[in-house]
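Asks: Now for the letters of each chain:
There are 2 protein chains.
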Amino acid sequence: MSDSRPPPPPPHPFSRAIPDGDDRERLVCGECGFVLYDNPKIVVGSVTRWDDKILMCRRAIDPRRGFWTLPAGYLELNESTRAGAEREAWEEARAKIAIESLLAIYDIPRISQVQLIYRARLVDETLSAGPESLEVGLFGWDEIPWDDVAFPSVHWALGHEKEVQATGDLTPRSNPMPADPSTPPADPAAPQGL
Amino acid sequence: MSDSRPPPPPPHPFSRAIPDGDDRERLVCGECGFVLYDNPKIVVGSVTRWDDKILMCRRAIDPRRGFWTLPAGYLELNESTRAGAEREAWEEARAKIAIESLLAIYDIPRISQVQLIYRARLVDETLSAGPESLEVGLFGWDEIPWDDVAFPSVHWALGHEKEVQATGDLTPRSNPMPADPSTPPADPAAPQGL
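Going down the list, the sequences are from chains A and B. Using this note's numbering, the letters of the first sequence map in sequence onto residues 1 to 194. Using this note's numbering, the letters of the second sequence map in sequence onto residues 1 to 194.
To be clear, the hints were calculated from the coordinates, so they are not data collected in a lab. Some hints here could point you the wrong way.
If you want the footprint, here are the derived chain B segments under chain A, 3+ residues with CB under 8 Å [to be verified]:
(1) 33-43
(2) 80-89
(3) 95-109
(4) 134-147
(5) 159-172
Here a beta-carbon is modelled for each residue, glycine too, at the ideal position from N, C-alpha and C.
Extracted from the complex, chain A is given alone in its bound form (with noise of 0.2 Å):
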């Protein structure tokens, strides 16, 4: 937390009520009645080869700020899920790709996100950090910064990668599950799970 952060915006007028013809509660405002329906955002990304390297980028923001992720923010309104993944790769890494095929697709309901990851080839080796970023790198297998990454899902999305290349199978992945219901899932953010 800074000093250099505006003092957060005095509630607006919304609660929640269930709209005519609607089953569930949204926020509606209590001076006009605009109903702000509040649904899941996209997050597109990519997974990005030059060579055998992979790129990633060191967040410069919170959350996880100081942590390596990969290019990969909320599509936009008007945006075709590619063309929002070859912009964070440019907005997050100065990076030109060429999108190839669907790595995966997470959901992750809890904080209300669909994750659509892309495989990706870098068009060519010109990177720099964008605003986002603290620096951004391309790695190779072991030198992928495993204790410094940011969420489980960049751990998913970089072992459902090494898994594409190894079989050549290129059916978009999932959440990763345990292979035994009875046993809970491994931790998502041991490196030694990929």
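Assemble chain B onto chain A, guided by the hints.
Replies: Only chain B this time, still in chain A's reference frame:
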């Protein structure tokens, strides 16, 4: 349009502005500074089979009231995409379905939608029209009301289901593209195109 519709609400005091640290315009409340981050919405749905028949619903709501569609709708907060597709089949057709695999992802940036359509099978044959459907039914391929299909993406999904059945290739499909980029795409609403 019906006389029973409520009048539109008075305008909310939102205006377009670029928030601090952002790079594009958002809707910002002129009274309290609340920023409305509006992003594309996720539609989840299914091509659901019972033997060789496919579940379809005749829409009781606009747009395209009276036309036939697949059970599909907006993903809700804290919901996985599979759970959302199951919920929509229940809400629109009182159908209990078992999701099998992802059939297709359709990008529709013009209306800021990403559609995730699953393959599914009916758990039992019990069906009835939910509040958003005039009627529901199971259709063999030649019985589908092709001239009264609600949306191009319904045609796409039905065509992709047919392709999966013919080839056994479960790789998820995306928006159909013309084979030769120099020729215009076929009209997706043309049933002979399937």
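Asks: For every hint, state whether the structure bears it out.
Replies: Status of each hint after checking the structure:
| no. | hint | result |
| --- | --- | --- |
| 1 | 33-43 | holds (count 9) |
| 2 | 80-89 | holds (count 4) |
| 3 | 95-109 | holds (count 4) |
| 4 | 134-147 | violated (count 0) |
| 5 | 159-172 | holds (count 3) |
Hint check: a violation occurs at hint 4 only; the rest are consistent with the structure.
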